[in-house]
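Q: With the sequences and hints as input, model every part of the structure.
Sequence lines, in order, name chains A and B.
Position 66 (the first sequence) corresponds to 67 in my numbering; numbering is contiguous.
Position 16 (the second sequence) corresponds to 17 in my numbering; numbering is contiguous.
Everything labelled a hint here was simulated from the structure, so no lab data went into it.
Note that the structure is predicted; figures quoted are calculated from it, not measured.
Some hints here could point you the wrong way.
One copy or two, either will do: identical chains are not told apart, so a pair holds if it fits within one copy or between any two.
[Said to hold, decoys possible] Straight line, CA to CA, 25 Å or less: simulated BS3-like cross-link-like pairs of lysine-lysine: (1) K97 - K107; (2) K103 - K15; (3) K97 - K123; (4) K71 - K97; (5) K71 - K123; (6) K132 - K71; (7) K97 - K132; (8) K71 - K15; (9) K71 - K107; (10) K15 - K123.
Number of protein chains: 2
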Amino acid sequence: MPTTFNYHTTVAWKNEHWGHLVCGNGAAMDFSAPPDAHGHAGVLTPEDAFVAAVNTCVMMMFLWACERFKIPLVSYECYAEGTKIIELDRTELFTKIVLRPKIRVKECDETRVRRALESAQKYSLVANSIKSEIILESTIEVVQ
Amino acid sequence: MPTTFNYHTTVAWKNEHWGHLVCGNGAAMDFSAPPDAHGHAGVLTPEDAFVAAVNTCVMMMFLWACERFKIPLVSYECYAEGTKIIELDRTELFTKIVLRPKIRVKECDETRVRRALESAQKYSLVANSIKSEIILESTIEVVQ
Numbered sequence: 002m003p004t005t006f007n008y009h010t011t012v013a014w015k016n017e018h019w020g021h022l023v024c025g026n027g028a029a030m031d032f033s034a035p036p037d038a039h040g041h042a043g044v045l046t047p048e049d050a051f052v053a054a055v056n057t058c059v060m061m062m063f064l065w066a067c068e069r070f071k072i073p074l075v076s077y078e079c080y081a082e083g084t085k086i087i088e089l090d091r092t093e094l095f096t097k098i099v100l101r102p103k104i105r106v107k108e109c110d111e112t113r114v115r116r117a118l119e120s121a122q123k124y125s126l127v128a129n130s131i132k133s134e135i136i137l138e139s140t141i142e143v144v145q
Numbered sequence: 002m003p004t005t006f007n008y009h010t011t012v013a014w015k016n017e018h019w020g021h022l023v024c025g026n027g028a029a030m031d032f033s034a035p036p037d038a039h040g041h042a043g044v045l046t047p048e049d050a051f052v053a054a055v056n057t058c059v060m061m062m063f064l065w066a067c068e069r070f071k072i073p074l075v076s077y078e079c080y081a082e083g084t085k086i087i088e089l090d091r092t093e094l095f096t097k098i099v100l101r102p103k104i105r106v107k108e109c110d111e112t113r114v115r116r117a118l119e120s121a122q123k124y125s126l127v128a129n130s131i132k133s134e135i136i137l138e139s140t141i142e143v144v145q
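A: In structure tokens, the structure reads:
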């Protein structure tokens, strides 16, 4: 039997195109749609939450992989871009997410870092739970 | 040719199991893993971001559907719970998301509200982009 865990959030409509989100782990914030879909700038949107879920999950799994692979990580930063298409029947889909991690490590074989990154993607809960193709374009720098 | 749009976020590792997230629409916050996975309480986690992406997206699409279906919405609140399983090979997957919207409308046919909710799910970008089964358990109350 596989082990199961539950995670929850609650949203509430405030007014117009504004909502308030409360997450199970305690984070809380207003949200809206993107400005080009009648929403507001400066707050979380469903699109950003989706791309953030992938981006944050792969990073957390990479930290875990670095611990397992004994990689002395110096810095990790990752720009992630999700591409949405609108089909002719007006349904929408995130077809791909490109992740561009910039990784700096101390005196470490670059191949080991690549293996850790592949491992992070393989074990990422969010990466496994989405239909979008995930493309990793990493930059690895080994520093003294 | 389908129309395409891009959405981006950036994450950066701070230290230990802490990261910082900056979203394309302007929201910015610290994040971590869930406390039961070596993370910290009180901040965003990838798991919460994933469930929030679905929950916020379906709400925004429901607001849009209410406008189209001319439904006088009084209130909308939705608890969403995502179930993760850990497979024997230790990969993880969100198998289902249960959404429990509590909807109050003014003098309106309940069937129309149900149709609007189905429409919200059908046109939700995030709902369409995930592998998890989505289960809607709605409560609709018509008030004077």
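Q: Can you give the numbers of the hints that this structure goes against, from lowest to highest?
A: 1, 4 and 6
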